[in-house]
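Sequences and hints are given; from them, build the entire structure.
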Amino acid sequence: MKKNNKWLYLVLIGATTFISCVDDFKFGNDFLEKAPGGTVTKDTVFSNAEYTRQFLTGLYSLQYYGLPFGTNDAFPYMHTGWVGKWENLSDLWHTSWDGQAIQQRYYTGIHNSGYSKRQEKFEYSRMNVWEAVRMAWLLIENIEEVPGMDNAEKQQIVAQAKCIIASRYWDTFRHYGGLPIIKASFLGTEPEYVLPRGTVEETVDFMIELLDEASAVLPWKVSVPANETGRWTKAGAMGLKTSILLFVASPLFNDATPYSNAPPQDAVQNLNVWYGAYKPELWDRCLTACEEFFTELDRNGGYQLQQAVGTRPSDYRLAFRKAYFRLNSPEVLHSTRVQTYEGSRFNSSTYTWHSWQKNNNRMAYNPTQEYVEMFSWADGTPFDWNLAEQENRLDEMFIKRTNDPSKGVELTRDPRLYETAIVNGLPKTLDWSTGNMSGNPYELWVGGYDARQAPDNETGRFATGYTLMKYYLEEDAGNQDTHWSYIRLPEVMLNYAEVLTYKGQLQKAIDLVDEIRVRVGLKGLVESNPEKNLTSNKDALLQEILRERACELGMEDSRFFDMIRYKMKNQFEKHLHRLKITRIDGGGQWFGKDKDSGVPWPEFKYEKLPIGSPTRVWWTDGFDPKWYLSPFQLGELNKGYGLVQNPGW
1320 MKKNNKWLYL VLIGATTFIS CVDDFKFGND FLEKAPGGTV TKDTVFSNAE
1370 YTRQFLTGLY SLQYYGLPFG TNDAFPYMHT GWVGKWENLS DLWHTSWDGQ
1420 AIQQRYYTGI HNSGYSKRQE KFEYSRMNVW EAVRMAWLLI ENIEEVPGMD
1470 NAEKQQIVAQ AKCIIASRYW DTFRHYGGLP IIKASFLGTE PEYVLPRGTV
1520 EETVDFMIEL LDEASAVLPW KVSVPANETG RWTKAGAMGL KTSILLFVAS
1570 PLFNDATPYS NAPPQDAVQN LNVWYGAYKP ELWDRCLTAC EEFFTELDRN
1620 GGYQLQQAVG TRPSDYRLAF RKAYFRLNSP EVLHSTRVQT YEGSRFNSST
1670 YTWHSWQKNN NRMAYNPTQE YVEMFSWADG TPFDWNLAEQ ENRLDEMFIK
1720 RTNDPSKGVE LTRDPRLYET AIVNGLPKTL DWSTGNMSGN PYELWVGGYD
1770 ARQAPDNETG RFATGYTLMK YYLEEDAGNQ DTHWSYIRLP EVMLNYAEVL
1820 TYKGQLQKAI DLVDEIRVRV GLKGLVESNP EKNLTSNKDA LLQEILRERA
1870 CELGMEDSRF FDMIRYKMKN QFEKHLHRLK ITRIDGGGQW FGKDKDSGVP
1920 WPEFKYEKLP IGSPTRVWWT DGFDPKWYLS PFQLGELNKG YGLVQNPGW
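Each residue of the sequence shown is one higher than the one before, counting from 1320 in our numbering.
So the derived label-pair ranges between C-beta atoms look like this:
hint, residue 1, residue 2, range
1, TRP1704, THR1939, 21 to 29 Å
2, HIS1894, ALA1503, 48 to 56 Å
3, GLY1418, LYS1893, 22 to 30 Å
Simulated from the structure, these hints should not be mistaken for laboratory data.
Quick reminder that beta carbons are idealized off the backbone N, C-alpha and C, glycines included.
This is the structure we're talking about:
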């Protein structure tokens, strides 16, 4: 075996074992039962139509699921709680838990190519990427031999497998750049098989070709019960295509100069990490993909923004919750899930997404003050801390207090804020059918029931004065499987708005963004920002679109990659802030003796303070552009098969 094949043998041998003998390891999450009498082999699987269908279902279980859960030892291929989500590296979120690799290695700046498991934010060799790719090619290569299955079904299965390959490449590409292009289910032992690292262009063209081929076969939408959603469709494939092409048209890869001049420069010279020049036609390619998607949407329908059933801020809040969280959401173009482990938020297993977040304050996905200020007032006008302080409106920056029990509290900000972050005074329950809010308010001041001392000592879930609501929902998750919304209609709309802005079609871009804003009760961009001249100021509109992406797609793997693709060095270096809340009357909690004694709604002092612990080395020592892409593991480089390292590592 040639040395340049060793890597393939190691990363794909797991898939070989997975296929050839599954006495103790069933496909995916117990999706495929063994054939009666013993071992499941390739011949067994593809000699039976039902086994082949179940094999495809098992293949779906190897997709990316974006909510950390489990441990590396139990589920080595998942993005685990010990590592943390890379959104904690953006300016929107911050973690206070020192058990997360994001804090241990990235906040401290010690991360390097010599990492081991549980240290890299996306460890490609342990995320089931290559296992999924090989299994998909096995399915494609053997589908014609399956008896009892008509040609139309075979074509559908092949198309779905191609989408899974493309999506797994996309999951990895946005962390590393160009990848080896695998076009068959080989073992890595074939003597003549050479697999160099692909260029950015080759990798992108490979993904797009697969998606185009799948789109030509797949139905636009599949009508199935909510608990059976998750199959790839033409809408999902075309939507993903827009995101890929937007990413590569952006300055990270599409610029006159590479993002880093630091050695080694092999990947730069080989065009593994950029296109080699600025290519305006990449924006044209993205524009065409967006136009094709919306042409198909107009023709076929089937997907739309989730609309509110009333006009209260809580009604808009509920609509947004249903949009991303409900399994049968009309916005979700593709979703993934881990049924037997994460499942419902009431799953009793340890180390689910929900248990990581709540128990022992381990997850600590805390919104920053910068993030909270991105959300406008409830009418759509921008929130400005200094102006609110001058106008004595800080006490209304989350809710409007009222002593009228029939009215409760009024939400004063963009309803998406309350579905993204838990804020002071927010009622804990939102009824899924009526949109009514009820229950005890969150007490996030120093000494309050929920936050206790967290905002003062910067520890735990409320270390920044907030914690996350998105995908968590506290005690109000609706008792359903927690799926991962891989791509939603608003993302494609915002992709389109962004590329329209680049092409000078500003009003059309504004109209798209306004559709998203209106469904949560906000006024349009132009009306809300009269001083920004958004109909003529391209740069100002682009910033509004990026802000809108942050508010709409929080915790959906958007902001970190937006910062990456636009090379936002200054944003990575910006020292972020937290909120300290002090109860002015010195009282303890709203409830207990306070409630019984009739104490009125308390008043608070709000202070915006720099995050002090933990800090990020980027805030003090500057941000090295090498961090835009991840390092390949040193052990892989030393095998000598030709994999070249990303610059700076």
